[in-house]
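Visitor: Place chain B on chain A using the hints.
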Amino acid sequence: MEGLKGQLMLLSGLIMLFGCITLTMVLNEYIQALSIPMDISGKYIVLDVENLVRKSIEDSLENVTRLMATLNVTNETLTDYISSNVSQILQDLANATETYYRMEGRYVNVDIDKIDIVAYNESERIVANANITVLITYKDEGLEARTVVNVNSTSEVVK
Amino acid sequence: MKGQTFTLEAILTAFIILVTLYYLIISFPLTNLQKVHITDDVYVRDVFNFLENKTLKESILCWNGKVVYGGASADDFNESFNCSTELKYYLKKLLDDKRFAYNIYVTYSSNGSLRELKFVYDGSPPPNAISLSKIVVIYDWDNGSIKSIVPDDFDSYLYNVLYVKVVVWRV
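Each protein sequence line maps, in turn, to chains A and B. Number 87 in the numbering used here belongs to position 87 of the first sequence; there are no gaps in the numbering. Number 16 in the numbering used here belongs to position 16 of the second sequence; there are no gaps in the numbering.
Treat the hints as calculated values from the structure; they're not laboratory data. Hints are not guaranteed to be accurate.
As the list claims (entries may be wrong) - Restricting the straight-line Cα-Cα distance to at most 27 angstroms, the calculated cross-link-like pairs of lysine-lysine (DSS-like) are:
1. B:Lys2 to A:Lys5
2. B:Lys134 to A:Lys55
3. B:Lys118 to A:Lys55
4. A:Lys55 to B:Lys147
5. B:Lys118 to B:Lys134
6. A:Lys55 to B:Lys57
7. B:Lys93 to B:Lys118
8. B:Lys98 to B:Lys57
9. B:Lys134 to A:Lys114
10. A:Lys55 to B:Lys54
11. B:Lys54 to A:Lys43
12. B:Lys93 to B:Lys66
13. A:Lys43 to B:Lys134
14. A:Lys43 to B:Lys147
15. B:Lys118 to B:Lys66
16. B:Lys98 to B:Lys54
17. A:Lys139 to B:Lys134
18. B:Lys147 to B:Lys66
19. A:Lys139 to A:Lys43
20. B:Lys2 to B:Lys54
What the hints assert, rightly or not - Ranges between beta-carbon positions, derived for each pair:
21. A:Leu27 to B:Lys2: 31 to 41 angstroms
22. B:Asp41 to A:Thr22: 34 to 44 angstroms
23. B:Pro151 to A:Asn28: 51 to 61 angstroms
24. B:Glu9 to A:Leu27: 21 to 31 angstroms
25. A:Leu23 to B:Glu86: 41 to 51 angstroms
Note that the structure is predicted; figures quoted are calculated from it, not measured. For every residue, glycine included, the Cβ atom is placed at its ideal position computed from N, Cα and C.
Extracted from the complex, chain A is given alone in its bound form (with noise of 0.2 angstroms):
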């Protein structure tokens, strides 16, 4: 009687172990959770994404036209070349940061909707002028904002 009264007591012990070791693990688990960090983007995620955008689009038109001047293209296919190769840098950038975005619970749409470029190639120079135009539209649980971006870059590169 009195070693089964014992073996209860361990059991009694174990079960105790056990079920104290949970609720910590929860109540840790908890304050884990608590700690998640307070993001102060925000609206002006409209805002980086347009600053983005506006540089992305300068520099992709500047590089891809110094590219040109190193390769032998013609100017009918010059201007369909450099319009091609910043349409793509656009197009995956935007779908990279709408990912990364949705990746963080967030809506971001950036959409591009008019890409005119004008290229020619000049014995010394080539000079690319490129009129783009981008849509963006954020959402999250509270706030929706839109705004259109509408960059005029030439760049003008010397052979």
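Guide: What follows is chain B alone, placed relative to chain A:
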């Protein structure tokens, strides 16, 4: 027999208390828990808007993948970079000296999946920490040691797009 049972019970109780204490210690960050003032939000955002334009991309480009533990005040900060960077100067002047601690994480895409790297790590943030994100674009024409860590994930002249997440708190 009774004495042995009590001893065993005491050992179990001590074990439970130790485990509970251990979990409590690792759960609570030992930092100042005062509310971050609203002006801190504006200040931190301004700091990273300023850094984003040039310094942040330059530093990430020549980052060798070694985590910077302890922020800009760390002695071995420069060992994480293969070029001279102004990031240490600005982080120290604008955040460390103003009693801010911060973690910076860099996420990149690799074959459609996302991977996160610790860039600067100052410890576990408290519940009153604030966070913000910036996007850094790497093109094929950019050069730097980051290209040995981050793969070219696009068919265009875009090399990869990095999602830089910053977590800042008062110490």
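Visitor: Which of the numbered hints above does this structure break?
Guide: 14, 20 and 23
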